[in-house]
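Trainee: For the record, the sequence lines run as chains A and B.
Per this note's numbering, the first sequence starts with residue 1, numbered consecutively.
Per this note's numbering, the second sequence starts with residue 1001, numbered consecutively.
It should be emphasised that the hints constitute simulated quantities derived from the structure, not laboratory data.
It is possible that part of the hints are untrue.
[What the hints assert, rightly or not] Across the chosen pairs, the derived CB separations fall in these ranges:
#, chain 1, residue 1, chain 2, residue 2, range
1, B, Glu1054, A, Glu197, 27 to 37 Å
2, A, Pro102, B, Gly1222, 36 to 46 Å
3, A, Asn252, B, Arg1030, 49 to 59 Å
4, A, Asp315, B, Thr1219, 27 to 37 Å
5, A, Arg110, B, Ala1154, 41 to 51 Å
6, A, Pro82, B, Ser1052, 28 to 38 Å
7, B, Asn1025, A, Glu185, 50 to 60 Å
8, B, Ser1052, A, Gly192, 41 to 51 Å
9, B, Ala1020, A, Asp83, 38 to 48 Å
Backbone N, C-alpha and C define an ideal beta-carbon position, used for all residues, glycine too.
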Amino acid sequence: MRCDWVHGYWVHWQWVRCEKGFGMSVNAWIVVGDQPAIGNLITVARSLGGDGTIAAVVAGPRAVAETVAASGVDRVVWCGTPDGSPAEASAPAVAEAVAADPPRVVLGGRNPGDRVLLGAAAAALHAAVLTGARSVTVGADTVTVVNAVYGDISDETVEISGPVALLLDGGSVPAASGAGVPIEEVTATPYGVKVLETIPSEFEEVDLNAAQRVIGVGRGLKAKEDLSLIEALAAALKAEIACSRPVAEGLNWMGKDRYIGSSGARISPQLYLAVGISGQLQHMVGVTGAETIVAINSDPNAAVFAQTDYGLVGDLYELVAEITSVLK
Amino acid sequence: MKIVVAYKWTSDPEEATVGADGVVNWSRARPGISTYDPVAIEVARGLAAATSAELIGVTVGAKGVGTPLAAKAALSRGLDRAVIVEDDSLKGAGQAELAAVVAAVVRRIGDVDLVITGDSSVDVAAKMVPTVLAGELGWPAVAEVTDVTGQPGALRVGRAVPGGAQVLEISGPAVLATSADATTPHVPGMKDLLAAGKKPVEHVDLAALDVPASSAVMTITGRARPARKERKHQLLDTSDPAEAAAELVKALREVGAL
Ligand SMILES: Cc1cc2nc3c(=O)[nH]c(=O)nc-3n(C[C@H](O)[C@H](O)[C@H](O)COP(=O)(O)OP(=O)(O)OC[C@H]3O[C@@H](n4cnc5c(N)ncnc54)[C@H](O)[C@@H]3O)c2cc1C
């Protein structure tokens, strides 16, 4: 079965429906925060095999629970999170729901709120926690996970006896399938956390995964105004603009959804053009799936050149302008 | 009031090498305070100063995390004292196990109002230790925290969320994971390093801690170096930038990237 993009790879999930060939049932929980972006988690849970149930516990607003209820899961529990409280406030109800019906596997997405809910569930279950799963195989007594570690430089095969919590890319919002399941409401005293204010980002949202060509801008760019040079190249290339982490976090020249790497977006475009990026592990792991990688860097010893198809040693200001004019 | 900063003493995988068998070799990597933990210490120092709180650094890990050099490196960044669990049974420990040990240390210190951590560790980068830690303590956790003000019992916490930012009010103890760019940590000077040498460091035996048993046993049964796409590694001659640009565009057209 082919599943969504998981941890930077198109993965053929080698789910063994049941290692021993009889109707084993694998129960899974999915924890959901403020957004129902759990398409990938449902795919993974579904593939675990057997006739087990997939239950979702939702700590976000009721509308999120309604979307999840229609997404093909077998059971939905809503924590009745009060208005004005973030999903994190309902972590006790999430932990209680999961612990009351203990699963083999509990899944959560990488959003900050979802991570908190997964941590609460993992603590309640005293479960193992893994964050780099490339594949999961459920056997009679153990769960086997191929888990990428240390910035994906090695894949460890980990055999776990007991419950396991997996942090995965949540994926898209699942399409409604059928009439849906009823929403069970539970209550537990929420934590005393209130939202006083919500401030929308000054930057437009972007889906880098939709782009065929992506230009990554690094700290080699001297000033925010110089982005106009990159925008001209992007227009000529029909490319989306992305960046390294410090350009989005620290310099604040772009939204956080535009940085690529282990903590950011993982993309597999036709072309990735790294401009003024040194090529550190945590960045490059986000583009290992790119078809062609080009780097422009003034430092001939930059690590990026060991990971590219075409390298240009030189001043980005000069080279970017020249490439733009050739394309025009 | 007591604020704990949980920090990690570890190495950057950028400096590690991986054998064909997938085994990671750390022998050439130089350990240090994990990249983003100085951000956590700086944010915590600011709050501790504003609320006259005691600032306690906690780290747990295998032998080496509690050497005088490692402790001094952490203390010089503004901690008042450190509590360290150094035990080789924690070598390669998972996120859940580390979080459970940190939780036990926090309980042992007693009367802790707040735990602050970095965004993610430079080696594992799982972002899960603070959230499991909160679960173990029965406290709320908030990640991507950009600033903290107020008093324990009425903390004001700014944090980044997908699509923007929020200001939260937290009325009890909590675990806060700072964002990578919450602040720019200062570089400790000679005076800080000298002062650090005089600060108390408590070493706690892992066996003396009340760590709940895990329900899960993890065994590593195999390792492999992940297959990577072969790259061409072609350096284009850039002595004439216009020519280099033309050559690049031609090559990209040929491989169908344009
Ligand atoms: C736990 C953890 C997670 C992280 N996650 C991520 C992540 O997800 N994504 C990410 O990107 N980073 C991440 N990082 C940070 C990462 O380690 C690097 O620090 C970062 O990627 C470096 O960004 P950069 O290449 O833009 O800047 P630098 O490393 O400063 O490189 C700038 C480059 O520009 C070149 N340059 C300068 N001037 C010019 C010029 N005129 N023309 C051409 N080239 C020029 C320089 O030679 C240099 O190579 C993470 C770090 C940690 C510790």
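Trainee: Now look at each hint and say whether the structure bears it out.
Mentor: Going through the hints against the structure:
Separation of glutamate 1054 (chain B) from glutamate 197 (chain A) is about 30 Å and conforms to the stated range, judged on CB atoms against 27 to 37 Å. Range check, proline 102 (chain A) to glycine 1222 (chain B): Cβ separation about 27 Å, and the 36 to 46 Å hint is violated. In this structure the hint that asparagine 252 (chain A) and arginine 1030 (chain B) lie 49 to 59 Å apart at CB is violated, the actual value being about 30 Å. For the pair aspartate 315 (chain A) and threonine 1219 (chain B), the beta carbons lie near 52 Å from each other, so the given range of 27 to 37 Å is not met.
Against the hinted window of 41 to 51 Å, the Cβ-Cβ separation of arginine 110 (chain A) and alanine 1154 (chain B) comes to about 30 Å, which falls outside the hint. In this structure the hint that proline 82 (chain A) and serine 1052 (chain B) lie 28 to 38 Å apart at CB holds, the actual value being about 33 Å. For asparagine 1025 (chain B) paired with glutamate 185 (chain A), a C-beta distance near 53 Å keeps the hint of 50 to 60 Å intact. The beta-carbon spacing between serine 1052 (chain B) and glycine 192 (chain A), approximately 23 Å, falls outside the hinted interval of 41 to 51 Å.
Roughly 56 Å separates the CB atoms of alanine 1020 (chain B) and aspartate 83 (chain A), a value that falls outside the hinted 38 to 48 Å.
Checked against the numbered hints given earlier, the structure breaks hints 2, 3, 4, 5, 8, 9 and satisfies all the rest.
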